[in-house]
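Here's the letter readout for the chains.
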Amino acid sequence: MEVSGSTIRAILDELDAKHPGIKNRVLDENGEPSAFVGVYIGGEDIRFLGGLDAEVPEGTEVSIVPAAAGG
Amino acid sequence: MNKVLGLKCKECGEAYEAGGSHVCDLCFGPLEVALDYDYIKSIISREKIEGGPISLWRYVDLLPVDSGWDPNVRVGFTPLQHAPRLGAAIGLKNLYVKNDSVNPTYSFKDRPVAIAVTKARELGYTVFACASTGNLASAVAAAGMKAGLETYVFLPADVEAGKITNAAVYGANLIAVNGTYDQLNRLCSEIADEEDWAFCNINVRPYYAEGSKTLAYETVEQLGWLAPDHVVVPIASGALYTKIAQGFREMVDVGLISNQSVRISGAQAEGCGPVAAAFAAGEQSFEPVRQPDTIAKSLAIGNPADGNYSLAVARQTNGVIESVTDAETVEGIKLLARTEGIFTEAAGGVTIATLRKLAQSGDIGVDELTVAYVTGNGLKTQEAVDGHVSVSVTIDPTMGSFEDAMDSRQQADMVWSAPQVTTG
Numbered sequence: 001m002e003v004s005g006s007t008i009r010a011i012l013d014e015l016d017a018k019h020p021g022i023k024n025r026v027l028d029e030n031g032e033p034s035a036f037v038g039v040y041i042g043g044e045d046i047r048f049l050g051g052l053d054a055e056v057p058e059g060t061e062v063s064i065v066p067a068a069a070g071g
Numbered sequence: 001m002n003k004v005l006g007l008k009c010k011e012c013g014e015a016y017e018a019g020g021s022h023v024c025d026l027c028f029g030p031l032e033v034a035l036d037y038d039y040i041k042s043i044i045s046r047e048k049i050e051g052g053p054i055s056l057w058r059y060v061d062l063l064p065v066d067s068g069w070d071p072n073v074r075v076g077f078t079p080l081q082h083a084p085r086l087g088a089a090i091g092l093k094n095l096y097v098k099n100d101s102v103n104p105t106y107s108f109k110d111r112p113v114a115i116a117v118t119k120a121r122e123l124g125y126t127v128f129a130c131a132s133t134g135n136l137a138s139a140v141a142a143a144g145m146k147a148g149l150e151t152y153v154f155l156p157a158d159v160e161a162g163k164i165t166n167a168a169v170y171g172a173n174l175i176a177v178n179g180t181y182d183q184l185n186r187l188c189s190e191i192a193d194e195e196d197w198a199f200c201n202i203n204v205r206p207y208y209a210e211g212s213k214t215l216a217y218e219t220v221e222q223l224g225w226l227a228p229d230h231v232v233v234p235i236a237s238g239a240l241y242t243k244i245a246q247g248f249r250e251m252v253d254v255g256l257i258s259n260q261s262v263r264i265s266g267a268q269a270e271g272c273g274p275v276a277a278a279f280a281a282g283e284q285s286f287e288p289v290r291q292p293d294t295i296a297k298s299l300a301i302g303n304p305a306d307g308n309y310s311l312a313v314a315r316q317t318n319g320v321i322e323s324v325t326d327a328e329t330v331e332g333i334k335l336l337a338r339t340e341g342i343f344t345e346a347a348g349g350v351t352i353a354t355l356r357k358l359a360q361s362g363d364i365g366v367d368e369l370t371v372a373y374v375t376g377n378g379l380k381t382q383e384a385v386d387g388h389v390s391v392s393v394t395i396d397p398t399m400g401s402f403e404d405a406m407d408s409r410q411q412a413d414m415v416w417s418a419p420q421v422t423t424g
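Going down the list, the protein sequences come from chains L and W. For the first sequence, the positions run 1 to 71 when the working numbering is used. For the second sequence, the positions run 1 to 424 when the working numbering is used.
None of these hints come from the bench; they were simulated from the model. Do not rely on the hints blindly, as some may be mistaken.
To be verified - So the derived label-pair ranges between C-beta atoms look like this:
| id | chain 1 | residue 1 | chain 2 | residue 2 | range |
| --- | --- | --- | --- | --- | --- |
| 1 | W | Leu-379 | L | Asp-16 | 51 to 57 angstroms |
| 2 | L | Asp-28 | W | Gly-362 | 32 to 38 angstroms |
| 3 | W | Ile-43 | L | Val-3 | 33 to 39 angstroms |
As the structure is a computational prediction, the values presented were derived from the model and not from experiment. Backbone N, C-alpha and C fix where the C-beta goes; we use that ideal spot for every residue, glycine too.
Isolated chain W, as found in the complex (with noise of 0.2 angstroms):
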């Protein structure tokens, strides 16, 4: 028995060995991993996982590897922090925060990397690539570097110096292209085909894509093996967002959990918001944005590989695609920092900005226990704040420049921080 059945074409089923393709040879439909969930659900229960490592292995029953992965290396199973300072600012009295900005490159792309790599080894490619928008770049340059690929990271010149430099230091092959994310994605497909390499978004996407579904696992493991009702996710290809639908799915295929009906909502800039417009306007599947225009530019991706699934998944959950303009995006930003105390980057920034908006609009319900998911670390895109906070107050290092400035802060009746928020 395997839990890993091969790999089945999302659109006309069609089934093939579990080897490193992506892409239907009959319909050109992309492939996705089968696994055999009557098996695996003889063999995991609730004691095992919780009796497993601190990291996404401890549900290595419900992912495509067997072995070889690198024990030394914590990725997954991040905080899921009760946030009732943000929930009490926006009007939600059952809030938390699945904070993954805190794995070893600070987004949660290690999580699919680390399936992504450990599956090029065991299928023996010796070269790991990836195409990315810049957490995928640092992800794949510290997984790739440490299990001794040679790897060569793709990335589009224009995004923020901070996700270069996190890319940059791994000492892997560092490839500016100047051009958009979906440019160098079609750049990557070609190289794919002519090079025998692994690329994780391209073929040997359908591992590197099921890493994405232990957000939800431990979502739920975390709650007390309960499914939450309502989360938030950020989309940029989709992938993240209907990965995490299908793992709550399969917590109850396999038996960890007797039922689910979590809506699942996305969240999109204004400015590259391609499944969000199509949401909004009814449509079945989304028109592409040529030149995204956004802050978020980890979701900048104009053509979402997985954008009309992520659609069907909206629908079939009764959530929500909502987008924010750069304004609400900053502001999501500094509200997650006052409230929570987590500094997240600017798609986290447009995650809490639409979990405001569905809050405010009534789509996410005052009693819902709801979790909003915070993708990517802060100190990696700094410039999305920059001019929107500073120092308080600048003074010389005596006591009198100290009380001189209180005084003048007690006379303005100014204020130096945010508005306090009171907890309901």
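If we strip away everything but chain L, and leave its shape as in the complex, we get (with noise of 0.2 angstroms):
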């Protein structure tokens, strides 16, 4: 889907606006993005990228994905 905001945590406040509660479970309870849920800029990881104010170019894919495990 089409989103505008131009950081991770504007883009979560639209997504939830068009799909309420989805904010809460990419979240954790201190606003934090969960340990089970990776969110990624152009495929890296938001947490090397400034986390919720990463800033999301124009034209990016983002992807949330729960966490994987390991092989």
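Mind assembling these two chains? They're in different frames, but the hints should get you there.
Below, the structure is given as structure tokens:
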């Protein structure tokens, strides 16, 4: 889906307006990204990009993916 | 009555049917298999297990499949080897090595994959897949192709050449990805969303992970129905580590032993040791490692899914999670080979080096009945010891040349092989 926010925080707010409740599943009780969900900007984990305030350049793909196990 | 109650969210406890899913709809927490221990207790016994197949299927009452497994492949029930020479070298009096490098594809991964492939067929999947750091790749390729399933294996393009060959030979679709394991795992999570495939470490993960518990069951049975005092387990995603802990608990839950208080210690490589770093810092959650840098590529998971659960297990069981350098890892590989005759891969070197470190620091008591889990075969990662081992001398095919070589060795008081390890 297309969103217009320029940070992950803004995008999550936008997403939550369309799909109420999604934000509280992606974030934990402290408002930080849940340990069980990976949020990626163009394939890079936002934990390496400044977290929720990481900037999302125009045209970039953002993925929200449940954590997977090892191998 | 059924031994499997269903799936349950590890975080919020929400219950689900036993289907092909791995994430809680409510909280995104991981799902795991919920077993009915009271029922299992009523049908299981030491005698029944001892009369079962010489494989992990002797514990089928504790595994989430009912039938349909391949009895022709011997997975599990690997040797638990008493290790007095290694013990003497590092100062432990009661040491065993669980040599799980002798499974059909030479790593412990054959265990979870045996469960996953059986369950995948039971659930009606026709495509079997995984994201792998190398060992899982060959386990999935072998099991998937033998089961007649279309099989896809994804692994980082930079894993050891031996790991590629060991996966490619089975003829599965082998897809090398330019990126870290964590990146290809994310890619596979997205593929799993689009395709109706059984991904071992994604949508059939709750079943897959159960296979690793059998390492704990076997240890207890092979010790004569006795839980060890202390175990050392390598940590990549943390699934093996946490499942071994669960396995020991379950032996008590179903009445096979009356008690256990196994201390569960973990081994990581310093170049990718997010869980060890968090343990040392006293944190409850780890910080992911962006670019793992270690020769132990099978442990190179920077974002371990069960990392936080592993921290909890270490604290609950009075274990320690420690990390070692690449140089210590190579020494660990050599030490195990030279004392106990087992050639392990780099991850096994990490485990042995960590075992030594914990013995030296006193974290493992001299008399503790300790088991080190050696989970992969050295023939897969020979580059780990390239340049560290070689021929002792090269001679001509004449007695003269041989005698000269022996003389020069004596004169120089040279030692060709490693110093002798004396047993205590």
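Structure versus earlier hints - violations, ascending order: Structure breaks hint 3 only.
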